[in-house]
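Asks: As a plain string of letters, each chain reads:
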Amino acid sequence: MKTDTIAAIATAMSNSGIGIVRISGSEALSIIDQIFVMKNNKKISEMPTHTIHYGHIYDGKELIDEVMVLLMKEPKSYTKEDTIEIDCHGGVYVVKRVLETVLKYGARPAEPGEFTKRAFLNGRIDLSQAESVMDIIHSKNEFALKSSLSQLSGAVSDKVKEVRSKIIHEIAFIESALDDPEHVSIDGYGERLFVIVNEVISKIEVLLKNSDNGKFLKEGITTVIVGKPNAGKSSLLNTLVGEERAIVTDIAGTTRDVLEEQINLNGIILNVIDTAGIRETDDIVEKIGVDRAKKYLNNADLIIYVVDTSTSLDENDFEIMEMLKDRQAIILLNKSDLKPLTTASDILKYVDKKMIQISAKEQLGIDELENTIKEMFFQGEVSFNDEVYITNIRHKNSLQESIKSLHLVLKSIEDGMPEDFYSIDLMNAYEELGTIIGESVEDDLVNEIFSKFCTGK
Amino acid sequence: MNRNLLEETYDVAVVGAGHAGCEAALAAARLGLETIIFTVSVDSIALMPCNPNIGGSSKGHLVREIDALGGEMGKNIDKTFIQSKMLNKSKGPAVHSLRAQADKMNYTMEMRKTLQNTDHLTIRQAEVSEILTEEYKTEGVFEKRILGLRTYSGATYHCKAVILCTGTYLRARCLTGELITHTGPNGLQAANYLTDSLVENGIEMLRFKTGTPARIDKRSIDFSKMQEQKGDERVVPFSFTTNPEDVQIDQVSCWLTYTNEKTHEIIRNNLDRSPLYAGIIEGTGPRYCPSIEDKVVKFADKDRHQIFIEPEGLNTNEMYVGGMSSSLPEDVQHEMYRTLPGLENVKIVRNAYAIEYDCINPNQLYATLEFKKIKGLFAGGQFNGSSGYEEAACQGLMAGINASMEVLGREQVVLDRSQAYIGVLIDDLVTKENKEPYRMMTSRAEYRLLLRQDNADLRLSKIGYEIGLISKERYDWVCEKEVLIQKEMERVSEERIGANKEVQALLESYDSIPLNTGVTLAELIRRPELDYEKLAPIDKNRPELPYDVVEQVNINIKYDGYITRQIKLVENFKKLEKKRIPEDINYDEVPSLRIEARQKLKLYHPISIGQASRISGVSPADVSVLLVYMEQMKHTS
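Residue numbers (the working numbering), protein chains in the order written: chain A, 79 to 535; chain B, 882 to 1518.
Isolated chain A, as found in the complex:
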């Protein structure tokens, strides 16, 4: 049976240990042959099944990583297809590069739950487990969708939309002319389109560059700082970032919105989100901030709860503590320089989490906080949303595919092909870009034709 070939990172993306890239499908062997160089220069596809081999992964001439490759020929594999597993040594970055290389040589990013789906459809998984398979597919996809859309920055999604609308406009122009040749003429249009397509390609290339340096999707541990108004959340963020960013005043409720900063703690990337204080409020602007804070809290990998020990616990604190249960959290007893009205034992009555005495103002206890986070990460207590890395790779792949399609448009123009051929590859590019922002094609083209071009009897 011929299937397309899928690839994904099969392990959790943490900075510790090894990462595994898994490939499955009828081209798995030919792909690995192109990028894996063994010591004896033999082809791994010619080796016996269920053997493990040492060597290096190359993208062309560039060395990516020193790896072990596990070979499993069909049907004796999880998916019952030819399967390759690449054990990489390097950290997150290297695992990503290996996956990207695999994709470049012909695999496509696996959909969430797709390995399991294939295993099931190929009869590898017991029928009685069908329900759990369906559940895995469902939940992984929901999760991926959520993370993809929530992590994609507004600026990027605006750019993608802008490029897409340019492309669909050109397709609609071609199609309206083909549909109604006596009304709309496209003679000599190729030259104009050539310029436009080149502009679009360079715009996508900028996006592609950004996808590498983290501007595209935020990778890392999503850390949310919560606490009552004026508990010292903003001061803490400023201390961690090392610059005055949040507005710090003594008036309760000054951080109206949420603030985000990316912090690198010895290689562990934290996306720190400072939220408005949680408290019942009638102020509309602040209400929005508070709602958003609660939303961020739900999506957090790690919660830092700042308690103002110079005041007593109240309704707001109880509400926050309720939300901390079953979550990874650190409680900071702030303003330890002032006379305490609330103590660790007061809090312990409600929630049992790691507690640290700090004074954000005097910079006391900050080192201990950093060490605690590091410890939690390396012990695997907190990990981050892997899906973000995967989504990032998927997006990058889509950008590359769309550029490929646009180059085919340029080639069609250069070859002097008739105009109707241009729209085939323009449409492919449009579709690929749509996957980034979670939009399919549907009736976009027909709508564009009717709204922008006047045709008809």
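No wet-lab data here; the hints were simulated from the structure.
Keep in mind that this is a model prediction, so the values were computed, not measured.
Any given hint could be a false lead.
[As the list claims (entries may be wrong)] Computed cross-link-like contacts, DSS-like style, restricted to lysine-lysine with a CA-CA straight-line distance of at most 30 Å:
(1) A:Lys158 to B:Lys1455
(2) B:Lys1515 to A:Lys218
(3) B:Lys970 to A:Lys530
(4) B:Lys1313 to A:Lys239
(5) B:Lys994 to B:Lys960
(6) A:Lys530 to B:Lys1143
(7) A:Lys244 to B:Lys1459
(8) B:Lys1253 to B:Lys1343
(9) B:Lys1316 to A:Lys239
(10) B:Lys1362 to B:Lys960
(11) B:Lys1459 to A:Lys154
(12) A:Lys154 to B:Lys1455
(13) A:Lys151 to B:Lys1459
(14) A:Lys482 to B:Lys1456
(15) B:Lys1343 to A:Lys244
(16) A:Lys218 to B:Lys1460
(17) A:Lys373 to A:Lys432
(18) B:Lys1449 to B:Lys1382
(19) A:Lys158 to B:Lys1456
(20) A:Lys452 to A:Lys403
(21) A:Lys151 to B:Lys1460
(22) A:Lys530 to B:Lys1316
(23) B:Lys1449 to A:Lys151
(24) A:Lys154 to B:Lys1316
(25) B:Lys1459 to B:Lys1313
(26) A:Lys182 to B:Lys1455
(27) A:Lys244 to B:Lys1254
Got chain A; can you put chain B on it based on the hints?
Replies: Structure of chain B alone, referenced to chain A:
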């Protein structure tokens, strides 16, 4: 209660004798079934109440496909056209499209003759007012099936299958400004009762709208102020059975003129008298054929619009004003038409008008065009929410074929999106949300490079032959043609052309780069500036071949790369189409489907995984879940 005792029995009954009804009835009768076709007026069989053309971009494809399956439209227009053009000739072969001006009266007459001379076919002038159904129990569940029809006069017709092709006649209402008449097109009688009976049977109705421009008197037109639009010098017939020599006739011209600022001003000043803008129109109109008032409002930046003046036939003075459909009052119509160069003194014969009518939400149909809820009840044409003569005809043909297959106990025929424009059209209708009258467009066909008008016979004759609407003789020729094409493609791929003087001279004459070494003939054909025919002088071993074989060889070689890519896409598409969803699937029992997907799947009841994946609101993850569930079902049942 009507006490009419007239009772008759037929195999198949067709309601409506427009373009859909005619094809449906002919298909059923030709397959040997006793068929009756109802019309409110026998004089309006295959009437063309709007534009006087058959074909056009993508619609020409439909006519070719109808012909390849054994339908009548192509043959009928070949007998009655008065001008013909191949559109988009300078573009790729996928978008070449035939369009002919018809002699409307003659078109109607010829189709009527064909119907009258077909065995097993009865024509009956009567208004059908009721469908007769019954509930029956099968495998423990109650289902509904068709029993027959009743006419307004009370007569009962028992039959095994009914095909509804009521076009724009159901509760039709015509609007010209403030003037509203409760008639069908051209002042014909509307059908006011059938809707109630359909609703009683649980069918969901929609209300759509369309419009037509005025017809004007030829003698009142000054053609010297317009540009003449002639037909092609060499006419290509629509039907694969028509001898090309028979269609080389004297053609009639169309004429081009333009609206201007004055026209637009009159329209803008009278918008309050347009039923569309006054909110009187209830139906949803098509965006692709906007009325002139729509064009002026929506495209305010355009200072003129093209208007085509087209003859309606050889025995009438009437001319069609293409591009200026309207529902403005007749005094405004007079004023606005008279602003156009050449129409300063024009006399209107028939007013422009908008028409509203009842149709169905086509998501109630299977891709066979049978109602999901009523066995034996089929539907085709504008009744299904489409628009256009060709769109109607092809649905009528497929509904006629499938009703017949059901009566005969044979397997039904569904064309998929990779086989035909007809497949794309019907799949769109039954799978996608349809908010306006649906018109075919080449951009709706994702595999359009393969679905060309020139290869419709190669794509579909086999199916037409298996159905029984294409003769053995005709099918044998298509098979022979296939072999000839294959052989010649192999030959040109192997034939070496050396870099000799004669070759270089020929290349030079077409501004083509001279050869360094020998190449195959196929490589030269692929050059944009060359083609199969141009290379004849240097192709010494070329066999004598018919033109339609040569055409296929040229296209297949020239666009080989693109065609191969689309064939690959089709292979993937077919895989999902082949995965049939069991009819008795209960979507409430499929765990992990998202709510929206579950609702949509229950509503549409797709027949295949492929169709399910095209329903908006069904995500790839839902499709995966469905696949897993089906696998489980297969093993546990």
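Asks: Each hint needs a verdict: does it hold in this structure or not?
Replies: Evaluation of the provided hints:
At most 30 Å may separate the alpha-carbon atoms for a hinted pair to count; A:Lys158 and B:Lys1455 meet this at roughly 23 Å. Proximity of B:Lys1515 to A:Lys218 is assessed by CA-CA distance (about 25 Å); at most 30 Å being required, the pair is judged to hold. For the proposed pair B:Lys970 and A:Lys530, the alpha carbon gap of about 25 Å is at most 30 Å, so the pair holds. With a CA separation close to 24 Å, the supplied pair B:Lys1313 and A:Lys239 stays within the 30 Å bound.
Between B:Lys994 and B:Lys960, the direct Cα distance comes to roughly 12 Å. Compliance with the 30 Å bound is thereby established for this hinted pair. Distance check on the hinted pair: A:Lys530 and B:Lys1143 sit about 23 Å apart at the alpha-carbon level, within 30 Å; holds. A hinted pair counts as satisfied when its Cα atoms are at most 30 Å apart, and A:Lys244 with B:Lys1459 does not qualify at roughly 36 Å. The suggested pairing of B:Lys1253 with B:Lys1343 holds, with an alpha-carbon distance near 28 Å, which does not exceed 30 Å.
Between B:Lys1316 and A:Lys239 the alpha-carbon distance is near 25 Å, which keeps this suggested pair within the 30 Å criterion. Note on B:Lys1362 and B:Lys960: the hinted pairing holds, with a Cα-Cα distance of about 25 Å set against a maximum of 30 Å. Under the criterion of a C-alpha separation no larger than 30 Å, the hint pairing B:Lys1459 with A:Lys154 is consistent with the structure, at around 27 Å. Proximity of A:Lys154 to B:Lys1455 is assessed by CA-CA distance (about 28 Å); at most 30 Å being required, the pair is judged to hold.
At most 30 Å may separate the alpha-carbon atoms for a hinted pair to count; A:Lys151 and B:Lys1459 meet this at roughly 28 Å. A hinted pair counts as satisfied when its Cα atoms are at most 30 Å apart, and A:Lys482 with B:Lys1456 qualifies at roughly 26 Å. Taken as a hint, the B:Lys1343 and A:Lys244 pair is broken in the structure, with Cα atoms around 43 Å apart against an allowance of 30 Å. This hinted pair checks out: A:Lys218 and B:Lys1460 have alpha carbons roughly 24 Å apart, not beyond 30 Å.
With a CA separation close to 23 Å, the supplied pair A:Lys373 and A:Lys432 stays within the 30 Å bound. A C-alpha spacing of about 40 Å is found between B:Lys1449 and B:Lys1382, which places the hinted pair above 30 Å, so the restraint is violated. Between the alpha carbons of A:Lys158 and B:Lys1456 the distance comes to roughly 19 Å, so the proposed pair stays at or under 30 Å and holds. Taking the CA atoms of A:Lys452 and A:Lys403, the gap is near 21 Å; set against the 30 Å cutoff, the hint holds.
At most 30 Å may separate the alpha-carbon atoms for a hinted pair to count; A:Lys151 and B:Lys1460 meet this at roughly 27 Å. A distance of roughly 19 Å separates the Cα atoms of A:Lys530 and B:Lys1316; the hinted pair therefore holds under the 30 Å criterion. For the hint pairing B:Lys1449 with A:Lys151, the CA-to-CA distance comes to about 26 Å; that is within 30 Å, so the pair holds. In summary, the hint linking A:Lys154 to B:Lys1316 is not supported, as the alpha carbons are separated by about 51 Å, beyond the 30 Å threshold.
The straight-line distance between the Cα atoms of B:Lys1459 and B:Lys1313 is roughly 20 Å, inside the 30 Å bound, and the hint therefore holds. For the hint pairing A:Lys182 with B:Lys1455, the CA-to-CA distance comes to about 27 Å; that is within 30 Å, so the pair holds. In summary, the hint linking A:Lys244 to B:Lys1254 is not supported, as the alpha carbons are separated by about 44 Å, beyond the 30 Å threshold.
Of the numbered hints stated above, those contradicted by the structure are hints 7, 15, 18, 24 and 27, listed in ascending order.
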